[in-house]
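Listed in order, the protein sequences are those of chains A, B, C and D.
FYI, the numbering used here numbers position 97 of the first sequence as 97, with every residue one higher than the one before it.
FYI, the numbering used here numbers position 114 of the second sequence as 114, with every residue one higher than the one before it.
FYI, the numbering used here numbers position 96 of the third sequence as 96, with every residue one higher than the one before it.
FYI, the numbering used here numbers position 28 of the fourth sequence as 28, with every residue one higher than the one before it.
Since the hints were made in silico from the structure, they are not lab data.
Quick caveat: nothing in here was measured; it's all calculated off a predicted structure.
All the pointers check out, no bait thrown in.
Put simply, identical chains are the same to the list, so a pair is met inside one copy or across any two.
Here are the simulated DSS-like pairs of lysine-lysine, each with C-alpha atoms no more than 27 Å apart in a straight line:
| hint | residue 1 | residue 2 |
| --- | --- | --- |
| 1 | K10 | K57 |
| 2 | K115 | K49 |
| 3 | K82 | K10 |
There are 4 protein chains.
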Amino acid sequence: MGKAEFTQEKVIARVVNLFQENMPFNQLLGVRFVVEDDSIRLEVPWDDKLTGNPLQKILHGGVTASLLDTIGGLTAILNAVKQTQERHLPALVDRLPNMGTVDMRVDYLRPGRGKLFIATAQIIRQGSRVAVCRMELHNERGDHIAFGTGTYMLA
Amino acid sequence: MGKAEFTQEKVIARVVNLFQENMPFNQLLGVRFVVEDDSIRLEVPWDDKLTGNPLQKILHGGVTASLLDTIGGLTAILNAVKQTQERHLPALVDRLPNMGTVDMRVDYLRPGRGKLFIATAQIIRQGSRVAVCRMELHNERGDHIAFGTGTYMLA
Amino acid sequence: MGKAEFTQEKVIARVVNLFQENMPFNQLLGVRFVVEDDSIRLEVPWDDKLTGNPLQKILHGGVTASLLDTIGGLTAILNAVKQTQERHLPALVDRLPNMGTVDMRVDYLRPGRGKLFIATAQIIRQGSRVAVCRMELHNERGDHIAFGTGTYMLA
Amino acid sequence: MGKAEFTQEKVIARVVNLFQENMPFNQLLGVRFVVEDDSIRLEVPWDDKLTGNPLQKILHGGVTASLLDTIGGLTAILNAVKQTQERHLPALVDRLPNMGTVDMRVDYLRPGRGKLFIATAQIIRQGSRVAVCRMELHNERGDHIAFGTGTYMLA
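Let the hints inform the model, and build the full structure from the sequences given.
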């Protein structure tokens, strides 16, 4: 990126693109990244390959955990970008490869049944080094499937 | 299963088979279930499709969570089988579809690099209704990649 | 209790009384139990003896964890009472001594400063055997000090 | 502290003293800090005021959480001191007031019965900014009462 490209908007687009196009496991899961106004969410259509419990045709708990971890980490990074002055954005971009999940809790509320799964997140603690997010997974009917809480390293 | 088939050994074989052959997401990840003596572990060879961070070629955090959740749940069920008298095994088998993860914590210790990933678990609390496991993920060199703690509903 | 005393209202009053009057540690912390309509909350006035970090005069993290655990467990029990038919209440009361926390996560959002601390909880998963609650701690100005998530055994 | 006093040994003694003498809540609980060779542990004798469940005379879950949080945080700080060169110790001491718990999970394994409770911790992830510990609580007979996992901010 040339220096002129380090606007918040461009860095956000770059991070979303990185998650969507360059993380093979997100593609394997069939994750779509939907950006609207000031928020981002993940959408994953049901696919038989994501089945955990074949007796009941429900999502594998690992898929739920994967979606919650992904939306939590992405939200933490995008929020950090929004709180960073443009002249400090190049340094933030340099740190991207070192950002990652420190720990995560998933609470499974009900069986993961549905045609489309939607993962959302909100920041509950934003520091310059560590952010904490709460995440949720719903299906297309609004059934609440899981909660998550994740702690992410930003620097 | 006829009544004669409800020995602990046969129920264990049946549960392992269920996890290995009938959970499509475990097959998508390439999970192998290795039973040795009294213990069970998961092994997953590195595959590019499991990549989370392409800049560093490391495992997606969701893969780590999936493996820890799977070995924790499987270990909780197998331990319940071992503690159940044969005459009560049919009732336990009937409850299998309702068993599942209540909550899980994952602690990411270091980047998920390696050629082979091994997931193990041990029971830390075994009740008739709820079990709690601690899980670990290592690579083929013995590097400790992640810890997990999971609470599982058995009835 | 005579049989006539097993109404939901009386059992709720009995459980709250048990937490308030018969748990010495809650009294040591100075916990007040405030019942209003359909909800219950804990209130604890600042007291120097609850100080964790003397350099900054903030609440000890253990006090925060204690309040979140207490309101989570109490809410889980009261909700179970509300969902139990009167004829089954005596059996529920018999199980009270065996109810307890299976696991809890606390997220510390900001320093525990204030004159009065208020702990609240809501059920996110209610089963007959296990309930999961989310808990919050605020101070008198509405500053959000901590989140909690707890899994409670009911039977 | 004069410059000469910033040896690892003296900083460790100072931190332990801070936890033991200047955190009123630790004194309220009756916590003793026992340093032996390279390790530290907490010891708390049973006291009726710590009772959570009076029907069974067991420790309040909040006491367990308090002890695990305290030993985890203390261990994280002491380990950071040991990994810091003497010339950087003054900067570390300056940051002490800002160190604290980010999040913690407690797993309650069995009722907290006993005459003496012993809390220990070990580091599972040590970074310059964040450390993760696993903690344990036992009684004087070696019964394992609880596990904890805590993430601590160091800078």
